[in-house]
Amino acid sequence: MRYLFNRLVHMILVLWVVGTVLFFMFRIMPGTPLAAFIDQTTTAEQQQALIAQFGLDKSLGEQYWLFLVNLSQGDLGQSFFFKKPVVDIVLEVLPNTLILTLASLVIAYVFGILAGAWLAWKRGSWIEGVGIPLALTTRAAPEFWLGMVMLAVFAFQFGWFPAGGANASGAAWDSEWQRIFSLDYLSHLALPTLTLAIYLQGLPLLLMRSNMLEVLQEEFITMGKMKGLSTRTIVLRHAARNALLPVATAFALGVGSAVGGNVVVETVFSWPGIGRLLVNAVSASDYPLAQGAFLIITAVLIVMNFIADITYQLLDPRVRVATTA
Amino acid sequence: MTIRRRDLLRLAGTTALSSVAFGALPFRAARAAEGGPVRSLTLYSRTQAANPQQYQAAELIAQIWGELGLKVTVQALPNTQLSDVIWYKRDEWDLTMWQMVGRPERSDPDEFVYNLFHSTTAETGYNFVGYQNPEYDKAAEEQRVTADRDARRELIYRAQQIINEDQPYAFLVYPEKFYAYSGAVFDPATVTDQPGLGVKNFWTFIEITPKGDQKDLVMNSSNELNACNPFYISGAQDSWVTELIWDRVMRIGKDGLPQPWAAESVVWNDAATECTITLREGMAWHDGKPVTAEDVVFSFTAPSQDNTAPMYKPFTDIITGIEAPDARTVVMTLDQPNAAFETSTLAKLNIVPKHVWEPLLATLKPGETAESITEESRIGSGPFRFVRWLPQQEIVLEANPEHWAPPKIDRWIMRIVLNVAAGLGMMKSGEMNFMSDYTGDPELLKQAAEEDKDLVIAEAVDIGFQYAAFNCRRPPFDDKVFRRALSFAIPRKLIQNAAWNGFAALANSHVSEALPFWHDPETDTLETGVKIAKAMLEEAGYVISDGTLYYPEGKTDPFSD
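From first to last, the protein sequence lines stand for chains Y and G. Add 1216 to the 1-based position in the first sequence for the working numbering, that's all there is to it. Add 1208 to the 1-based position in the second sequence for the working numbering, that's all there is to it.
Hints are supplied without guarantee of correctness; some may be wrong.
When the alpha-carbon atoms are kept at most 25 Å apart in a straight line, the in silico DSS-like pairs for lysine-lysine are as follows [claimed, not checked]:
no., chain 1, residue 1, chain 2, residue 2
1, Y, 1299, G, 1573
2, G, 1562, Y, 1300
3, G, 1661, G, 1616
4, Y, 1299, G, 1661
5, G, 1573, Y, 1300
6, Y, 1274, G, 1279
7, G, 1573, Y, 1274
8, G, 1688, G, 1346
9, G, 1562, Y, 1299
If you anchor each label on the Cβ, the simulated ranges turn out as follows [stated by the list, open to error]:
no., chain 1, residue 1, chain 2, residue 2, range
10, Y, 1303, G, 1571, 16 to 22 Å
11, Y, 1354, G, 1576, 39 to 45 Å
12, Y, 1389, G, 1349, 43 to 49 Å
13, G, 1655, Y, 1354, 28 to 34 Å
14, Y, 1527, G, 1655, 49 to 55 Å
15, Y, 1403, G, 1327, 57 to 63 Å
16, G, 1705, Y, 1303, 57 to 63 Å
17, G, 1420, Y, 1365, 29 to 35 Å
18, Y, 1303, G, 1566, 25 to 31 Å
19, G, 1582, Y, 1523, 31 to 37 Å
Keep in mind the hints are simulated off the structure, nothing from the lab. Where is the CB? At the ideal position from N, CA and C, for every residue including glycine.
Here chain Y stands alone, though its shape is the one from the complex (with noise of 0.2 Å):
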């Protein structure tokens, strides 16, 4: 319970850190939320009214001390651009983003574990020598040109898959569940998820080998050759479950930067996600929508690292003695 609570007060304090940093970077960042206006902006009394509209009439401390103010009521406050509230807006669009980051990091890791864990049993066959520089080079390959690369073959040539979008044009569906499972969807989230997976799989694949080299040195695992057990048992239930500690860090961690999305795979695609939604925002210096979008990615990646030291507690008794001792 007060380790809990530990925790607790912990996040909260790394939240506030965050979000002071963010308040003032963003507006210590050279540029002014009202350059984007300037089209439209032609008298000094309507730049006035922006300024005056957006707050920035204030002193820095005053903006500060009523930032974390509303922060502390989880108001968030309003998008200079979009007139909506910053909550509202990312709510929007974290489903899109959830589902791509989500979707490719699972095959990515699946895919990952079991190619690492044989890897790591065909140690120094030809399987290894082909099988490491390829998992090397996938991860290496800029994520921009390999969604090219599979827009060109696979929307292009052979016209498998649509080339951009979450849904063909002009759709529409009962509710969003119906959407989100309709073949329509899947099918415009295959590419950009498998650009994404094939980005993502280095890590596991190469992680999972070297742990699982490491736990095949071990002595039990000598000692379940001796006893007879089959190479599957051993790899399985003995090596695997001891090697994938890490991976199961790497993937909690994982699911919490998926909540800042992928600016470049959602380009490509034209994916409607909170990459997309930061980069416009910190370009166009809309500070609330900026702060806000970020301090929401922060909080669930806290949460998510918490998550993680739990789940390796659930998965190593080890872990779980050190700390209640």
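The hints should help you fit chain G onto chain Y, whose structure is shown.
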């Protein structure tokens, strides 16, 4: 120390000839006849990623000005940072690349002619270069109150000639824009090419006729939509949508001039200070209620209230009186004639349903504006009805068959497509059939059209233009001759080809050739070249010596480095 031929030649023309015999002395003597050196200069530009053409042009220009003995460094900044320097620190910069973009309401020259160079807009308005010329102010003011179109054109010509003479900008090009649509889906004869705007315009969207079963027009936008609100325009994309949902009293016609739209007639009194608007009969809102003169009065008075629609306020503030004598008639009074009123007010403001918006405006708290209201029904009276908007994905409108000008297509769909190359592929695959926002290489588009005979390409010269701006507040740019020389040094043809790949028209006026009625063709003949520029500078007393440019005798640089 060597004496250059150039120095000797110049010396030959000076009275200091006697000192030649003393070897090193002539150099010093030459210095005495010239002022201080011109400081090193920074030419600002957008970044290469944001505007590759502009950046390329900046690099070339810096190099060319180098030949005049100037040390010019190009500094690229992201858009907001650039605006921060140029727009808000007006005394602190020397040179910048800049652009003005075309919009439908800019097909009246008033906005550019008045705002860009009138002295009253120098402090905080559009005249960010700080250009001052009473003669120009006079022409700009007069054209505004001259109702007779031909007489006004003379004044617009005059304004262009003054700018040509003074060169506060070194105009470069009017960029060409490219559009494409599927000739297999739509009948090309029903597509309108509007001056300065190209085929993506209001008239095309209500008249374009499908050939077969595909009755949806699916077009792209490379920018997100910010809002869909008749009182809030925050980007070009927003206005493409609002102009279809909400009617306006007038519209910019196919010829680029305003014509009655929701009005059956717009009649002016002889003094051109009072206009009587008669609405069409039988107009209805999308919810079935009739459109009345009261709605029109509401639409033109609401923005004038404080903090309702700040973007529209300047356009309605000039109306001094407005009333609705009967259900179809609106009478507006101005305190003086305003030649741009039809274009910049009557053809710009949306007619908004009073029964929907009046209660909403009443709920506004201090500091809030109508811009922050999300009115979900988006009821207008225009040729298209709002269906849905999925942020970052698409906005869907459907034809309004009850309208007096019913569209031929069933639905108008704008998809947000950020990847230009994918957009081209989508045109081929049929996922899209109208390329309304092509930001890629025009050459690629032409190749695609060669491979696919159904792809129709349309190009249009922009109303907007690209230029290098001189800060007229700071020496040496306060000297007209100096600005002229720098402007004349730029080989426009080279810039057009090297930076814009030839996809642009040469510019030397703030009234684009896309507006043939207003553009003065006399300004088109600009002789350029470094030689001409050097001759101009030397005639005015500037001295280029040893690769450095010096002020005329007696002048020094107030900002010397």
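| query | Within 25 Å, alpha carbon to alpha carbon, are residue 1299 of chain Y and residue 1661 of chain G? | reply | violated, 44 Å
| query | Would you say the C-beta atoms of residue 1403 of chain Y and residue 1327 of chain G sit inside 57 to 63 Å of each other? | reply | holds, 60 Å
| Given the hinted pair residue 1688 of chain G and residue 1346 of chain G, is their alpha-carbon gap at most 25 Å? | Distance of about 19 Å is within 25 Å: holds.
| field | Whether the CB-CB distance between residue 1303 of chain Y and residue 1571 of chain G falls inside 16 to 22 Å | value | holds, 21 Å
| In this structure, is the beta-carbon distance linking residue 1354 of chain Y and residue 1576 of chain G contained in 39 to 45 Å? | violated, 51 Å
| said: residue 1299 of chain Y and residue 1573 of chain G were given as a pair; does the straight-line alpha-carbon distance stay at or below 25 Å? | reply: holds, 14 Å
| request: State, for the Cβ atoms of residue 1303 of chain Y and residue 1566 of chain G, whether the hinted interval 25 to 31 Å holds or is violated. | output: Given about 29 Å between the Cβ atoms, the range holds.
| message | Is 49 to 55 Å respected by the C-beta to C-beta distance linking residue 1527 of chain Y and residue 1655 of chain G? | response | Check passed, 53 Å falls within 49 to 55 Å.
| said: For a C-alpha distance cap of 25 Å, please report whether residue 1573 of chain G and residue 1274 of chain Y respect it. | reply: holds, 19 Å
| Would the pair residue 1661 of chain G and residue 1616 of chain G pass a check requiring their Cα atoms to be no farther apart than 25 Å? | It holds: about 24 Å lies between the C-alpha atoms, which stays within 25 Å.
| said: Given a hint of 43 to 49 Å, does the C-beta separation of residue 1389 of chain Y and residue 1349 of chain G actually sit inside it? | reply: violated, 57 Å
| task | Assess, step by step, whether the Cα of residue 1562 of chain G is no farther than 25 Å from the Cα of residue 1300 of chain Y, and give holds or violated. | result | At roughly 23 Å apart (the allowed maximum being 25 Å), residue 1300 of chain Y and residue 1562 of chain G satisfy the hint.
When each numbered hint is compared with the structure, violations occur for hints 4, 6, 11, 12, 16.
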